[in-house]
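For the protein sequence lines, the chains are A and B, in the order given.
Numbering follows the working numbering, with no gaps: position 109 of the first sequence is 109.
Numbering follows the working numbering, with no gaps: position 210 of the second sequence is 210.
Hint data in this document are derived by calculation from the structure and do not stem from the laboratory.
A quick note: this is a predicted structure, and the numbers were derived from the prediction, not measured.
Keep in mind that a hint or two might mislead.
[Unchecked claim] Facing chain A, according to a computed beta carbon distance under 8 Å, are these residues of chain B, among others:
# : residue
1 : S159
2 : T299
3 : Y300
4 : K306
5 : S308
6 : Q309
7 : N323
8 : R329
[Stated by the list, open to error] What follows is a set of in silico ranges between Cβ atoms, one per label pair, in the way DEER data are often shown:
#  : chain 1 : residue 1 : chain 2 : residue 2 : range
9  : A       : G207      : B       : P382      : 42 to 52 Å
10 : B       : V320      : A       : P205      : 23 to 33 Å
11 : A       : E222      : B       : K431      : 50 to 60 Å
12 : B       : E353      : A       : E222      : 13 to 23 Å
13 : B       : E353      : A       : K236      : 34 to 44 Å
14 : B       : I321      : A       : P189      : 18 to 28 Å
15 : B       : K431      : A       : L248      : 47 to 57 Å
16 : A       : L248      : B       : P382      : 13 to 23 Å
17 : A       : P189      : B       : R240      : 51 to 61 Å
18 : B       : I321      : A       : N3        : 46 to 56 Å
19 : A       : P205      : B       : S308      : 35 to 45 Å
By construction, the Cβ of each residue, glycine as well, lies at the ideal position given by its N, Cα and C atoms.
Listed below, chain by chain, are the residues.
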Amino acid sequence: MSNLRDILVVEDEPMVTQAVVLVCGAEGMTVTAVDSVAEALQRLQESRFRLVLCDIMMQELDGFQFLAELDRHGIQTPVIMMTGYSTVENAVKSLAAGAVDYIPKPFTADELLTVVRRSLRSSALLAASESAGLERKGSLSHVPCPDHYLRLGYVSWALMEDEGTARIGVSDLFLKAIDGISEFELAEPGEDLVQGIPCAVATSPDGSAHGIMCPMSGKVLEVNAEAQKNASLVEKDPYFEGWLYRILPADPESNLQWLSL
Amino acid sequence: MLGRNIGFKLTFGVVLTVLVAITAFAWFNIQSQSRSLLSEVERHASQLSEAVKADTESDMLRNDRERIHESIRRIGQQESIDRIRVLNKSGAIIYSSEVADIGTMVDKRAEACYGCHSVGQPLEHLDSQERTRVFQPRADSPRLLGIINPIYNSPTCWSAACHAHPEEQTVLGVLDVTIPLTDVDRNIRRSQLGAVILAVMVIGVLSLVIGLMVRWWIGRPVQELVTATRNVAGGNLAYRLTVKRNDELGALAGSFNNMTDKLAEARLQLFQSDKLASLGRLAAGVAHEINNPLTAVLTYSSYLLKRSQGKPETQKDLQVIVNETIRCREIVKNLLDFARQTVPKKRKADVNEIIGRAAKVIENQLSLGRVKLVMELDPGLPNVTVDANQIQQVFINLMVNASDAIGEDEGTIKVTSKGISVSPTGVLQIKTAVCRKRHELVDRKFEIDGKPAVTMRFHSQEQTGLIHLDPIYGSREHQLNGMPPIEEGVELQCPECSTSLMAEGETCPKCGAPIYAFEVPLKGLVQGCLKPGCGWHRWEQVDSRWNDEFVEVRVEDDGCGIPKAQIPQLFEPFATTKGPKGTGLGLAVTWGIIDNHNGTITVESEVGIGTTFIVRIPVES
Chain A
1 MSNLRDILVV EDEPMVTQAV VLVCGAEGMT VTAVDSVAEA LQRLQESRFR
51 LVLCDIMMQE LDGFQFLAEL DRHGIQTPVI MMTGYSTVEN AVKSLAAGAV
101 DYIPKPFTAD ELLTVVRRSL RSSALLAASE SAGLERKGSL SHVPCPDHYL
151 RLGYVSWALM EDEGTARIGV SDLFLKAIDG ISEFELAEPG EDLVQGIPCA
201 VATSPDGSAH GIMCPMSGKV LEVNAEAQKN ASLVEKDPYF EGWLYRILPA
251 DPESNLQWLS L
Chain B
1 MLGRNIGFKL TFGVVLTVLV AITAFAWFNI QSQSRSLLSE VERHASQLSE
51 AVKADTESDM LRNDRERIHE SIRRIGQQES IDRIRVLNKS GAIIYSSEVA
101 DIGTMVDKRA EACYGCHSVG QPLEHLDSQE RTRVFQPRAD SPRLLGIINP
151 IYNSPTCWSA ACHAHPEEQT VLGVLDVTIP LTDVDRNIRR SQLGAVILAV
201 MVIGVLSLVI GLMVRWWIGR PVQELVTATR NVAGGNLAYR LTVKRNDELG
251 ALAGSFNNMT DKLAEARLQL FQSDKLASLG RLAAGVAHEI NNPLTAVLTY
301 SSYLLKRSQG KPETQKDLQV IVNETIRCRE IVKNLLDFAR QTVPKKRKAD
351 VNEIIGRAAK VIENQLSLGR VKLVMELDPG LPNVTVDANQ IQQVFINLMV
401 NASDAIGEDE GTIKVTSKGI SVSPTGVLQI KTAVCRKRHE LVDRKFEIDG
451 KPAVTMRFHS QEQTGLIHLD PIYGSREHQL NGMPPIEEGV ELQCPECSTS
501 LMAEGETCPK CGAPIYAFEV PLKGLVQGCL KPGCGWHRWE QVDSRWNDEF
551 VEVRVEDDGC GIPKAQIPQL FEPFATTKGP KGTGLGLAVT WGIIDNHNGT
601 ITVESEVGIG TTFIVRIPVE S
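Excised from the complex, chain A in its bound form (with noise of 0.2 Å):
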């Protein structure tokens, strides 16, 4: 195995390559570029990357059979997927598939760095996390869900009551991938949230904006005033004093195929 390397850019659009390898590039990271999923697969044999940036619409085979050969081979690498057929579906389903991020094309610089910065953050933690191996929850780097919360990827989460209603929340590893809030931009009561798109928009220390993709549809009923006046009660507890709404879920039996225990 030869060096370390920072990103492999998995795309059959040229122009996009080599915007993706001078923006990042410029940023000091290295980047290699293939333009099939066979090559992207033969060089992640060949060398390591600390992350994947893969175009869902490809010819022959696409992002998520990259996904899939991914886990078949048992390649740990975190993948973005980036698409220009920007659908809610395609969103939640990378994230179901496995991906750790999700980003439409077109985008700017700024948002290409931010959602590469978070995820090779996020995929150092949980890197971290699966070395320290069975060893006491202290001394891991994030806290994972609690056992019976869905999660999105590693992004949010959502726990169904026993009312009908759902909570949803943010994960821990998405809040230390960004760094922490500097600020934090809620919904309204009564406002509609459709999973895959951004419920809530946190604001890191740097300025960068990461939006927080919703892990249920639904109506909300509840925002958590605690959390809107203080944004490090969701950094030290997201799970329980942390969460973000309560909403009325809008159609749970098909949101739910697209989360994870």
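On the provided structure of chain A, position chain B as indicated by the hints.
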């Protein structure tokens, strides 16, 4: 060509029938005519024969052969007589008007003798009918009628001086008179000719009259229908027949127009749905293709923008590029959202609440208070099962359009909501109705608004008369013709059989007055109340099947209005009237959403006065 013509077929049939009838009639007529003419000739011949016999009797007795010859020759010279012969018992011609015949023998089987000699033993007596015969000696000669008059033996004969005949002889000979039937035949021919002329004339006149009638009553309207069908088949669904007759073909034309209307409506809906679907696929493809180059533009420009700090000039220019590219991204996103109009996620919702939310969204856009938003919302509106987000989008689109139509001027947008029941009330026509004894109540003689009315007889203690009910179900243009109030013991009856048309033991659930009831064959019972101001009615079978409850929302503005010519294209994608301001997708999206909710959206507009969009959403979809 002719064989395919209904007029020709009909005329041919009628003419053939008439021809057979005339031929049969003429045949029987000529038969009886010729019979009576023949019997006349026969009588004449018989008289003549008797006269000849009487004339020659004395000469016979005297056996004065010369005188007999002379008499017979003289009589035989008359033009109406062919010849007169006297034959003796052995068949020899003893006297004849034709001198050449005298002395010749006649075969007993000859036509003159056949009457008696056909049956072995000769007969001695013959009826007068059997004594006559009609024959034609040669093919070119006229027909002849011959009459045989046997000369019987009598005492004077065997006691006469000559003693020519023995006493035991019964028949001495035969007087045979033949008369030509030239006149009779001429008469018969004349009658035959007359019959033929009559037949030809009748056929001619009949063909003409039937031909004209068929052409006028059938040919033309059918031709019009054929033209209309071809037009419609060719895609011209705007083609309309003028309905001016009240016969079956008029009704056919009416229902043809109705069918075309429905077809046009269905086609529009189908066309629109189809177009939206293909546009959706196109949009998805375009969005995907265009997003890749946009990614390059946006990343490069935003990257350069980041790197150009300290160079305000360049930064300003780059900012324009970034902003415009982001705008492009939004347009493509909208296009994709439009393409993704999926099946709405419906749940029970209050339309008034949705309108309120939509109004809140656009309030800021309403041109800084120049445009006034007036809402008249019906608080008793039934809840509808809709995708609230989509419906809200509809109202936002309509209100934004209204505001744009008002433009820079002052104006008012009025939003009204109400529950309505569209059908069948005021739409469905009662075309046939019967009493309990199945007598038809819809009387073509009485029309209300051009439609045959349901006619009943009212009967009270003082008076009786006919009333006519509006055949449009739920419409109340009845003609009660001075009928006293129904609760004062008035009974409604079938005008034909006087069977009561009152619903026994039932009263109006609205006002408690007695109600009438009649049956629409195969479609159940229609009941109604005739009390003025009540107008309750029920047609259970129809009421239950029609989806009659709608929530209607009207968005009215007093803006510039839409020219008539633009209205048909209004809901088509990319048909913007706003120029570069609009994407041309708003109303197409609106239409798609309402269509997905099984609702309707219509527009009424007048240039310079304003536009009203009317959205109807079924309460149960």
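Tell me the hint numbers this structure goes against, listed in increasing order.
Structure breaks hints 1, 5, 6, 7, 14, 18, 19.
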